[in-house]
Amino acid sequence: MSLRHPRVLLRSQPLAHPWLPHRRSVHSPASFQQVSLLPDRKRRGVVFPFSALEGHLDRRVDREDFQLFHPSEEDLRRAEELFTPSARHDILYTSSAVRMDHVPVTQQPEVCFIGRSNVGKSSLIRALFSLAPDVEVRVSKTPGHTKKMNFFQVGRAFTLVDMPGYGHKAPRDFVDMVEPYLQARKNLVRTFLLVDGFVGPQKADLIAVEMCEEFGLPYVMVVTKIDKVRPGVLLPHLLQLQSLIKTQTKYCFAQPFLVSSIHFSGVHLLRSFIAHVTGNLQLSS
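Residue numbers (UniProt numbering): 1 to 285.
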């Protein structure tokens, strides 16, 4: 089934707005070394955010699919090394593109992040790269500031791509820009589809899911802004998403990931997952 026409919901008129570059100092929760010094319960809540929600779940709810990817502390430390620059390991923004003939030529594994405008995509990428304060991730208080595909190279390990947001205030040429990339990029190993934890999956998100399924893309759901929503609101959205994954997807990883770009909850786990799917981390357990 062609989803070309329904995907008009994924784009709209662009809104010009200046972006604000951020040079950051390393905030202590960004480092697993600092997180490891926290009391056990708090440390577990930062690294595995789902653990803080378990007590609010009905006993009949199957928790297994929320804890499939469970790296050890040693795995988390090794993954963090990939996100830490050194003399022999540069982490940097490399280029932007609006068409496939403008994208950088590379053979290393690639991951991309997509989601609705204002889902917190650039903020999450900034949190992932927080240990590399010289890397400037374009962020703005106004939704829809990302108008191009932005490429970040993580040494020789992998490339991360920040895609334009879909839905409200998306670039006019979103479909023409993004679909060819998703279909033709042979070294794309995982697509991260972000969903706002405050509002849950929206119609445009469901169309994005259909797009990933139609293209046969390995992808994973990431629930953002979990620090801004109470468990009583977050849990129904999380269970709705889990039901969607189980009943309507074939290529989506069964476990949704929970993240807060402000408190770094789930960021360490997501770093490890990225390291793992790009072939840079073999789990010790």
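Hints are computed from structural coordinates only; laboratory data are not their basis. Check each hint, because a few of them may be wrong.
Unchecked claim - Calculated cross-link-like contacts (lysine to any residue; reagent style SDA-like; alpha-carbon spacing at most 20 angstroms):
#, residue 1, residue 2
1, Lys-186, Arg-156
2, Lys-228, Phe-48
3, Lys-228, Phe-69
4, Lys-203, Val-175
5, Lys-228, Pro-104
6, Lys-42, His-56
7, Lys-186, Gln-248
8, Lys-246, Gln-282
9, Lys-250, Leu-188
10, Lys-148, Thr-106
11, Lys-186, Pro-109
12, Lys-246, Gly-200
13, Lys-186, Arg-99
14, Lys-186, Cys-212
15, Lys-148, Val-199
16, Lys-250, Leu-206
17, Lys-203, Phe-215
18, Lys-228, Arg-156
19, Lys-246, Gln-67
20, Lys-250, Glu-214
21, Lys-250, Phe-69
22, Lys-203, Lys-246
23, Lys-42, Ser-31
24, Lys-246, Asn-280
25, Lys-246, Asp-65
26, Lys-246, Ser-31
27, Lys-228, Asp-196
28, Lys-228, Gln-248
29, Lys-203, Arg-156
30, Lys-246, Pro-109
31, Lys-186, Asn-280
32, Lys-246, Cys-212
33, Lys-228, Val-199
34, Lys-228, Arg-60
35, Lys-148, Gln-183
36, Lys-186, His-102
37, Lys-203, Gln-248
38, Lys-250, Val-189
Here is how each hint holds up against the structure:
1. In summary, the hint linking Lys-186 to Arg-156 is supported, as the alpha carbons are separated by about 17 angstroms, within the 20 angstroms threshold.
2. Simply put, Lys-228 and Phe-48 have alpha-carbon atoms about 17 angstroms apart, close enough for the 20 angstroms limit, and the pair holds.
3. Note on Lys-228 and Phe-69: the hinted pairing is violated, with a Cα-Cα distance of about 24 angstroms set against a maximum of 20 angstroms.
4. At most 20 angstroms may separate the alpha-carbon atoms for a hinted pair to count; Lys-203 and Val-175 meet this at roughly 16 angstroms.
5. Between the alpha carbons of Lys-228 and Pro-104 the distance comes to roughly 36 angstroms, so the proposed pair goes past 20 angstroms and is violated.
6. Restraint check: the Cα-Cα separation between Lys-42 and His-56 comes to about 17 angstroms, which is no more than 20 angstroms; the hinted pair holds.
7. Between the alpha carbons of Lys-186 and Gln-248 the distance comes to roughly 25 angstroms, so the proposed pair goes past 20 angstroms and is violated.
8. Among the hinted pairs, Lys-246 with Gln-282 is inconsistent with the structure: their alpha-carbon atoms are about 26 angstroms apart, more than 20 angstroms.
9. About 18 angstroms separates the Cα atoms of Lys-250 and Leu-188, which keeps this hinted pair within 20 angstroms; it holds.
10. Note on Lys-148 and Thr-106: the hinted pairing holds, with a Cα-Cα distance of about 18 angstroms set against a maximum of 20 angstroms.
11. Distance restraint check for Lys-186 and Pro-109: the Cα-Cα separation of roughly 9 angstroms lies within the 20 angstroms cut-off, and the hinted pair is therefore satisfied.
12. For the given pair, Lys-246 sits about 16 angstroms from Gly-200 by alpha-carbon distance, which is consistent with the 20 angstroms threshold.
13. As the CA atoms of Lys-186 and Arg-99 are separated by approximately 16 angstroms, the hinted pair is consistent with the 20 angstroms bound.
14. Between the alpha carbons of Lys-186 and Cys-212 the distance comes to roughly 15 angstroms, so the proposed pair stays at or under 20 angstroms and holds.
15. A hinted pair counts as satisfied when its Cα atoms are at most 20 angstroms apart, and Lys-148 with Val-199 does not qualify at roughly 25 angstroms.
16. Proximity of Lys-250 to Leu-206 is assessed by CA-CA distance (about 14 angstroms); at most 20 angstroms being required, the pair is judged to hold.
17. A threshold of 20 angstroms between alpha carbons decides the hint, and for Lys-203 with Phe-215 the separation of about 19 angstroms falls inside it, so the pair holds.
18. Taking the CA atoms of Lys-228 and Arg-156, the gap is near 35 angstroms; set against the 20 angstroms cutoff, the hint is violated.
19. Using a Cα cut-off of 20 angstroms, the hinted pair Lys-246 and Gln-67 holds, with the two alpha carbons roughly 15 angstroms apart.
20. For a cut-off of 20 angstroms, the pair hint linking Lys-250 to Glu-214 stands: about 10 angstroms separates their Cα positions.
21. Straight-line distance between C-alpha atoms of Lys-250 and Phe-69 comes to about 18 angstroms, which keeps the hinted pair within the 20 angstroms bound.
22. Restraint check: the Cα-Cα separation between Lys-203 and Lys-246 comes to about 18 angstroms, which is no more than 20 angstroms; the hinted pair holds.
23. For the proposed pair Lys-42 and Ser-31, the alpha carbon gap of about 15 angstroms is at most 20 angstroms, so the pair holds.
24. For the suggested pair Lys-246 and Asn-280, the alpha carbons sit about 28 angstroms apart, so the restraint of at most 20 angstroms is broken.
25. For the suggested pair Lys-246 and Asp-65, the alpha carbons sit about 10 angstroms apart, so the restraint of at most 20 angstroms is met.
26. Note on Lys-246 and Ser-31: the hinted pairing is violated, with a Cα-Cα distance of about 33 angstroms set against a maximum of 20 angstroms.
27. Proposed proximity of Lys-228 and Asp-196 is supported: the alpha carbons are some 10 angstroms apart, at most 20 angstroms.
28. Proposed proximity of Lys-228 and Gln-248 is contradicted: the alpha carbons are some 28 angstroms apart, above 20 angstroms.
29. Between Lys-203 and Arg-156 the CA atoms are separated by roughly 37 angstroms; this puts the pair beyond 20 angstroms, and the hint is violated.
30. In summary, the hint linking Lys-246 to Pro-109 is not supported, as the alpha carbons are separated by about 27 angstroms, beyond the 20 angstroms threshold.
31. Restraint check: the Cα-Cα separation between Lys-186 and Asn-280 comes to about 18 angstroms, which is no more than 20 angstroms; the hinted pair holds.
32. Distance hint between Lys-246 and Cys-212 is fulfilled; the C-alpha atoms sit about 15 angstroms from each other, no more than 20 angstroms.
33. With a CA separation close to 11 angstroms, the supplied pair Lys-228 and Val-199 stays within the 20 angstroms bound.
34. As the CA atoms of Lys-228 and Arg-60 are separated by approximately 27 angstroms, the hinted pair breaks the 20 angstroms bound.
35. At roughly 17 angstroms between alpha-carbon atoms, Lys-148 and Gln-183 fall within 20 angstroms of each other, so this suggested pair holds.
36. Straight-line distance between C-alpha atoms of Lys-186 and His-102 comes to about 15 angstroms, which keeps the hinted pair within the 20 angstroms bound.
37. Of the supplied pair hints, the one linking Lys-203 and Gln-248 holds, its CA atoms being roughly 14 angstroms apart against a limit of 20 angstroms.
38. In summary, the hint linking Lys-250 to Val-189 is supported, as the alpha carbons are separated by about 16 angstroms, within the 20 angstroms threshold.
Checked against the numbered hints given earlier, the structure breaks hints 3, 5, 7, 8, 15, 18, 24, 26, 28, 29, 30, 34 and satisfies all the rest.
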